[in-house]
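Enquirer: Below, each chain spelled out in residue letters.
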Amino acid sequence: MLAFIARRLLQSLFALFVMSLLVFVGVYAIGNPIDILINPQADQAEIAAVTAALGLDQPLWVQYWTFLQSALRGDLGKSFVANVPAIQLILNRMPATIELAAASMVIAVVLGIPLGLLAGLRPDSWVGRTIMAGSILGFSLPTFWVGLMLIMVFSVHLGWLPTTGRGPTVDVLGFPISILSWEGIRHVLLPSTNLALFKLSLLIRLTRAGTREALAQDYVRFARAKGLSMRRVVSVHVLKNIMIPIVTVVGLEFGSVIAFAIVTETIFAWPGMGKLLIDSINVLDRPVIVAYLLIIVLMFIVINLVVDVLYSVLDPRVRVAGARP
Amino acid sequence: MKTWLPALMLCLGLHLPASAAQLVIGLGAEVTTVDPHVLNAAPNNSIGEQVFGTLVMRDARQRFIPGLAESWRAVDDTTWEFKLRKGVKFHDGSDFTAEDVAFSLDRPATIKAPGGFAAFTRPITQKLIVDTHTIHLKTATPYPNMPSDMASVMMVSRRAAQNAASTDFDSGKAAVGTGPYRIVRFAKGERIELARHDAYWGPKPAWERVVFRLISNDAARTAALLAGDVQMIDVVPPADYARLRANNALTVFTSASNRMIFFHLDSSRDKTPFAFDKSGKPLEKNPFQDARVRKAFSKAINRTAIAERVMEGLAIPAGQFLPEGFFGYVPGLKPEPYDPDGARKLLAEAGYPDGFMLTVHGPNNRYVNDEQVVQAVAQMLSKIGITTKVEVLPFSVYVTRARNGEFTAALLGWGMSTGEGSYPLRFLVATPNAEKGTGPWNWSRYSNARMDQILEQALATVDNARRERLLREATEIAIGEQAVVPLHYQVNTWAARRGYTYTPRTDERTYAHEARPVTK
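Residue numbers (the numbering used here), protein chains in the order written: chain A, 1 to 325; chain B, 1001 to 1520.
Calculated directly from the structure, the hints in this document are not laboratory data. Errors might be hidden in some of the hints.
[Said to hold, decoys possible] Some, not all, of what chain B presents toward chain A, calculated at C-beta under 10 Å: (1) 1044; (2) 1149; (3) 1221.
[What the hints assert, rightly or not] Chain B is nowhere near these chain A residues, computed Cβ spacing over 12 Å in every case: (4) 14; (5) 158; (6) 218; (7) 221; (8) 231; (9) 268.
Cβ coordinates follow ideal geometry from the N, Cα and C atoms, glycine included.
Based on the sequences and whatever the hints tell you, model everything.
Expert: Below, the structure is given as structure tokens:
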């Protein structure tokens, strides 16, 4: 197990390096941040002075080398527009995004698995059909449209929930958390529902397919023949066996929800990282873009690792020992 | 039943409206930091000016009014004297003195950020503290724009900001100013909470507490106003403008903006990259070298149609750099009237009776409806025989390519933030010259020696009446030769719930202290 993790970490370092190079070159190719950000009242001499002060007049490989040297010291540079360390800026916004992602994953899992099971157990009943039809809607409606509709219905017309923003936060172990208060939950309900919709549909379909497949298997028939109650068959035999693909998808989707909750964050003015990334790309705030993507790569690496470890817990046939090729 | 109903209502947010002493405003643009010397952009300045204040202030039409300086004058050609207002207190109770001014003018040059304020402080060669409330600013050459620059650099407390990083401003520790509001909390990407500075020297603002919420999505910002989550928003989306105006529960406030939208036409190079003959081969000769072709371009544009249809009424046709009422505005210089026949005639005279092919470029995420404006212009040009294609790009890609001279006709917007005419003349149409610092954004590379000379004279003239005369003369030359082709001035918009009123401004600032409850 240890050797496995060590090898994974080594691979991760390489992935991080490649990623930093790609992003660096990519941002450089888009345009010159000075052109966008420079004080419009700066003349040529001033523009040149600012460019030189930031090292942006150097050739690309020199700029990258400088970046790499500071990065190895843990310094990914300061944001061009906020003048604070990029890492700090991102970590500052991370709790809000993780909170939103977690809330939406909870909604997706808590509703998706039971609904999927139901649809799988009674595929031809009207309940099963309704659930499946609903999941098609969840898949196909664009997030931004659903988000705006949620706001229009629940905030503007009914006035039940706030339109946008995040509730008041309390610090838990140094992280600002908003969902511990009622006001915070009211704020997170709409955006997390919006974000959950797609995952919810995905989980419903995944669970339903798994359930239908499992029901036809010999071990389920045998369990039924043995006279076990349907409840026990489903909760022990079926559920346990369909969990592996679900855990994989939940893990990866959790990662993608964190990394790319951009649309939902923008519509609901949720102060998370996704909105920061978009704003940074628009003004070519390179230190923030690079740091952001490095953090995301790191996050996916960790999530994948956790998923792999979870497999072994769920399914003894899967071995993540170092001996495995 | 009776006991749970109030509780339920409370839960569902049907509680009483927020106290009258608090104002919540939804902002359309991101505020990146509270440090007032990092990024010279309207959203940041808007917050900064409420918290820190400047020596010279601008009224809603951008004319100078006394701020932290009671008065200012040019003692001689290279010395400006600023007399500071007496009895001004910082948020922490300390006195505002010339020491703080000197410190605030030193600080921008120490900040390593691409969008900083050093351009305003670099011309000052010496800061001479005469007494606690008088400071002399010396420059190497005559510098009439000092008051304008001093309306841009915000004043911080030396005691609080010495050795402070931008994070200390964001945390509020170093964000000690003299403005009508002080920072309570800056939650990045989310909100800025302000509280009234009761010792403020100016008129007392109506609101004890103010919350600026950052809601960049247009539809969500409108929804927040409709739902009453915020009492006021800035940047009303053009698509919602008519609907909000028709809504009795709301009031919409508008003002001409100082931002002019215009085309730069590549007018001095012998060859230009995006003009082709009708078969698609690049033209041997750059047609826009000929002033008649530029004039035809201008005549082909129906500015009224753009303002009314494309911009949904949120634009005013432009015929020069500055909107009416600004220093250097030329009375009588009207927007070029729509005249397709005249345009065709000019094209024929210039040797293009059948027109030619052209690709125009513009950004698609920078100005209000920028892409649609470029599309509209292209259609209008096609009508006079210039078969026009459109290529729009995200501003980050666009601006670098435009500054590299890669385009033939390129759309740009320019906020006349100094409120006077030398700025657009010097930056947009003066002959590019790095030593003199002229023409850094002259994408058309237009060059007219006489105009340059008049402008240079104006830039060295401290006497206001004479300077304005020179600026008008230079403007008439530049516009007469289509150094740029003006399209329109944008219109700044705010909307508020009934019972609130706002003084609309030309400079895209949203000041909480300019919002008031309606008195009956």
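Enquirer: Confirm or reject each hint.
Expert: Do the hints match the structure? See the list:
For residue 1044 of chain B, the interface hint holds, the least distance from its beta-carbon to any beta-carbon of chain A being 8 Å, beneath 10 Å. Interface restraint check for residue 1149 of chain B: the shortest CB-CB distance to chain A comes to about 8 Å, inside 10 Å, so the restraint holds. Nearest Cβ of chain A to the Cβ of residue 1221 of chain B: about 8 Å, under the 10 Å cut. The hint holds. Once the 12 Å rule is applied to beta carbons, residue 14 of chain A is consistent with being away from chain B; the minimum gap is 30 Å.
Not every beta carbon of chain B lies more than 12 Å from that of residue 158 of chain A, the smallest distance being close to 9 Å; the non-interface claim is violated. For residue 218 of chain A, the requirement that its beta carbon stay farther than 12 Å from each beta carbon of chain B is met, with the minimum near 51 Å. The beta carbon of residue 221 of chain A sits about 49 Å from the closest Cβ of chain B, which is more than 12 Å, so the claim that it is off the interface holds. With a minimum CB-CB distance of about 35 Å to chain B, residue 231 of chain A clears the 12 Å threshold, and the non-interface call stands.
With a closest Cβ-Cβ approach of about 7 Å to chain B, residue 268 of chain A is found to fall inside the 12 Å limit, against its non-interface label.
Comparing the model with each earlier hint shows violations of hints 5 and 9; every other hint is respected.
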